[in-house]
Amino acid sequence: MSVKQAPAPVQEDALVGRARREGNQLFKEWFSDLQAAPEKGEEVAYVFVMGSMAEILRSFGFQMSFPEINSLQVAVRKVAMDYLNPAEDYGYSTDVCAYVKADVGLHLQERRHPNGRLPKPSVVVATNMCNTYVKWAEIWERLYGVPVFVLDIPGQRGIGWEKRYDKEALDSDRRYVQAQLLELIALCERVSGTKFDIDRLREVLGEVNRMAADWSAVLKLNQNVPAPFNAMADGLTYMGILSGYRGTRTGSEYMARLHEEMEHKVRNGLGTLEEERFRLHGVGPACYSHFRRFLELFQEWGAVFVNSEYLAYAGGGLDLGIQFDLDRPLESLAEQIVQTGQRSMSNMFFSQDQLADVVGAWHADGIVYHSVKSCRTVSTGMADSREYLTKTKEIPSLFVESDLVDPRLWSEAQFKNRIDAFFEALGARKAAAAAAGRVQK
Amino acid sequence: VIVSGVDVGSTQTKAVILNDRREIIGRGLCDTGAIITKAAEEAFNLAAQDAGVPAADVDFIVGTGYGRYRVTFGHTQVTEISCHARGAQYLFPGSRTVLDIGGQDTKAIKVGPEGQVLDFCMNDKCAAGTGRFLGAGAMALDIPLGELGPLALQAKNPVKITTTCTVFAESEIINWLARGKKVEDVLMGVHQAIATRSLSLLRRVGVEPEVTFTGGVTRNLAMVQILEELLEMKLNVSPEAHYMGAIGASLFAHDKAVSGAAGAAEALGVESELEAARNAPELCNVNCPVPVNRGKQLPVVEVKA
Numbered sequence: 337m338s339v340k341q342a343p344a345p346v347q348e349d350a351l352v353g354r355a356r357r358e359g360n361q362l363f364k365e366w367f368s369d370l371q372a373a374p375e376k377g378e379e380v381a382y383v384f385v386m387g388s389m390a391e392i393l394r395s396f397g398f399q400m401s402f403p404e405i406n407s408l409q410v411a412v413r414k415v416a417m418d419y420l421n422p423a424e425d426y427g428y429s430t431d432v433c434a435y436v437k438a439d440v441g442l443h444l445q446e447r448r449h450p451n452g453r454l455p456k457p458s459v460v461v462a463t464n465m466c467n468t469y470v471k472w473a474e475i476w477e478r479l480y481g482v483p484v485f486v487l488d489i490p491g492q493r494g495i496g497w498e499k500r501y502d503k504e505a506l507d508s509d510r511r512y513v514q515a516q517l518l519e520l521i522a523l524c525e526r527v528s529g530t531k532f533d534i535d536r537l538r539e540v541l542g543e544v545n546r547m548a549a550d551w552s553a554v555l556k557l558n559q560n561v562p563a564p565f566n567a568m569a570d571g572l573t574y575m576g577i578l579s580g581y582r583g584t585r586t587g588s589e590y591m592a593r594l595h596e597e598m599e600h601k602v603r604n605g606l607g608t609l610e611e612e613r614f615r616l617h618g619v620g621p622a623c624y625s626h627f628r629r630f631l632e633l634f635q636e637w638g639a640v641f642v643n644s645e646y647l648a649y650a651g652g653g654l655d656l657g658i659q660f661d662l663d664r665p666l667e668s669l670a671e672q673i674v675q676t677g678q679r680s681m682s683n684m685f686f687s688q689d690q691l692a693d694v695v696g697a698w699h700a701d702g703i704v705y706h707s708v709k710s711c712r713t714v715s716t717g718m719a720d721s722r723e724y725l726t727k728t729k730e731i732p733s734l735f736v737e738s739d740l741v742d743p744r745l746w747s748e749a750q751f752k753n754r755i756d757a758f759f760e761a762l763g764a765r766k767a768a769a770a771a772a773g774r775v776q777k
Numbered sequence: 002v003i004v005s006g007v008d009v010g011s012t013q014t015k016a017v018i019l020n021d022r023r024e025i026i027g028r029g030l031c032d033t034g035a036i037i038t039k040a041a042e043e044a045f046n047l048a049a050q051d052a053g054v055p056a057a058d059v060d061f062i063v064g065t066g067y068g069r070y071r072v073t074f075g076h077t078q079v080t081e082i083s084c085h086a087r088g089a090q091y092l093f094p095g096s097r098t099v100l101d102i103g104g105q106d107t108k109a110i111k112v113g114p115e116g117q118v119l120d121f122c123m124n125d126k127c128a129a130g131t132g133r134f135l136g137a138g139a140m141a142l143d144i145p146l147g148e149l150g151p152l153a154l155q156a157k158n159p160v161k162i163t164t165t166c167t168v169f170a171e172s173e174i175i176n177w178l179a180r181g182k183k184v185e186d187v188l189m190g191v192h193q194a195i196a197t198r199s200l201s202l203l204r205r206v207g208v209e210p211e212v213t214f215t216g217g218v219t220r221n222l223a224m225v226q227i228l229e230e231l232l233e234m235k236l237n238v239s240p241e242a243h244y245m246g247a248i249g250a251s252l253f254a255h256d257k258a259v260s261g262a263a264g265a266a267e268a269l270g271v272e273s274e275l276e277a278a279r280n281a282p283e284l285c286n287v288n289c290p291v292p293v294n295r296g297k298q299l300p301v302v303e304v305k306a
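Just so you know, the sequences run in chain order H and Y. Each residue of the first sequence is one higher than the last, beginning at 337 in this note's numbering. Each residue of the second sequence is one higher than the last, beginning at 2 in this note's numbering.
It cannot be assumed that every hint is accurate.
Claimed, not checked - Computed footprint of chain H on chain Y; a stretch qualifies when at least three of its residues, placed anywhere within it, have a C-beta under 8 Å from a C-beta of chain H:
(1) 79–92
(2) 132–139
Stated by the list, open to error - Restricting the straight-line Cα-Cα distance to at most 30 Å, the calculated cross-link-like pairs of lysine-lysine (DSS-like) are:
(3) H/K727 with H/K556
(4) H/K709 with Y/K161
(5) H/K752 with Y/K39
(6) H/K364 with H/K414
(7) Y/K39 with H/K727
No lab work stands behind these hints: they were computed from the structure. Even glycine gets a Cβ: it sits at the ideal position worked out from N, Cα and C.
Using the sequences plus the hints, can you model the full thing?
Shown next, in the form of structure tokens:
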């Protein structure tokens, strides 16, 4: 009987797995810094992972709290219902974004998080990059009476992925955003009592440049077979550092060390599993309430996520390897905000060709679309994109649905059935291609 | 060689026995119930009896369906998606699209010339548009399942069942009856609602002829007729359609027994998981509810105007 065993994970040593261990440690430190802010007299900004405005806020020394990360963590720690229930009892519908509800539940319980006690905000910064952000920020405004700054990023002009780079439109959008950044700076001066220092902003931008350069190189290293990291599993830790430590020396050093580890793995032909049988590109986030099981259902088949669209958006757009022009810091910052903002907002309409390119460059065997029941923003367009890629490019794909946070929306029997059937078909397809003598990627 | 496929569905368990020439020589059917392993054994033993073959003489057994990991006497498992595709292509070699309406799942499958799965779509998170939806209708109207189809075909002015929820469909049915609609018209509405939902799944994978209809609902003549009208084509419907998953599983078993390679089945099977299932006590496999704190007093939050 020749039943294939699930491949074992690759052994860790001092270097292999270092980024995961250091990342977990940095996360603990990030929360304790946040928790200690009121005692130290530091101001706290509540921001979002997309468009965090970390560059400006860091230059004023704000500590930053990301509600998406807080909510994700209550899901991973299996206490999501302790936060969702109070929010639903308070009146939020079951259909509302579970990230929002977990956060509301947190604030209704005096900000007691499994990691500690979250401080109150001094200021709130949101953008229109997710259409829920503005309403979410208004909740904190009502709860704490703090100033809320909403940055309005113009949407894409025209259709098609490449339109983002239209020079004239970009310049006009850049000026519009830059004017708003000046308003944000004035607000930060008022809240923090500190005067804006453009050289300090330059330093922060320089750290982001270093972080972005290493991060985009790390992403590309995953084009190797086997891929040195799993974009859904390990990627989650890296993504957290990209947000939490953006613009800091600690963050850029972490990314350089991650780069070093990944190069070492590639040089030594080390993947994440002893045998990498399938390579996948993920669209949509993972299911964090059943994170381990979610990952296992793929790993049991020897499948590795070699890239994930979520790393781009929830990673604050640093995948593009953006480099700020330090000679014109504000203009350059505004330009980058416009580009990453428009890319996130247009994703639901124009992602398909981009996806096909990534599948090719990362040698993926197929795409996994994970639709999020309580988030229509990331889920919109997935079915159309999938249909287009299946019918026009013959890229195999799987469509599954659960939720980021809400454990009630997870149904393992249905989930597993679809995943197993997908790999059966993918396995047969690979076997047929191999039999036909075609060289497999 | 003698092989078997055992399909443990959410509602019924089906088993078939194939001989050397891949001919069906035995069938077994029983309700799945709560003890899945027993149901799998019962269906398998019935099929072996029907075939006149001692159970011990069966060389290779493949389990499929939601309870496939509970076919503890089986050698490997294949999802019913692959099995329905394989079975449909075996009985109707021209099949390019397969529609399976089962107890809780409706699947549209695009198949290749060798019966390989090219793409599939299933109903998500909800049993609307499945056999269970018909069952709910039958219960609300107090009509045996077998009479649903013939009665629906007598409809003159079918009503439109708009709810997407199987449970709410019952109240909608009662509501139509209370408004004086005839039973057959309401029943036809229920059938049409399911057919329409199945059709949208089919369109998502692309309707390419020939279309083969599988699963227990194939026995409902009204459903076959409505689907044919909507698709504007004849459907392949086999008298064996109810056993299609088990037939596909037995074909994978035959591959394995004859050549040692089980095709798609070869890539399958997580032995550790099967081992765990073999050793686990016979308990329901429904996820346990998450502990909640609803009893606690909500904190008073100062909400600023």
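Hints, one by one, checked against the model:
Coverage of a stretch by a chain is defined here by at least three residues with a beta carbon nearer than 8 Å to that chain's beta carbons; for the segment 79–92 of chain Y and chain H the count is 5, and the condition holds. Using a Cβ-Cβ cut-off of 8 Å, 0 residues of the segment 132–139 of chain Y lie near chain H, which falls short of the minimum of three, so the contact claim is violated. Between the alpha carbons of H/K727 and H/K556 the distance comes to roughly 28 Å, so the proposed pair stays at or under 30 Å and holds. The suggested pairing of H/K709 with Y/K161 holds, with an alpha-carbon distance near 27 Å, which does not exceed 30 Å.
At roughly 23 Å between alpha-carbon atoms, H/K752 and Y/K39 fall within 30 Å of each other, so this suggested pair holds. Our distance criterion of 30 Å between C-alpha atoms is met by H/K364 and H/K414, whose separation comes to about 18 Å. A hinted pair counts as satisfied when its Cα atoms are at most 30 Å apart, and Y/K39 with H/K727 does not qualify at roughly 43 Å.
Violated hints, listed in ascending order, are 2, 7; each of the other numbered hints is respected by the structure.
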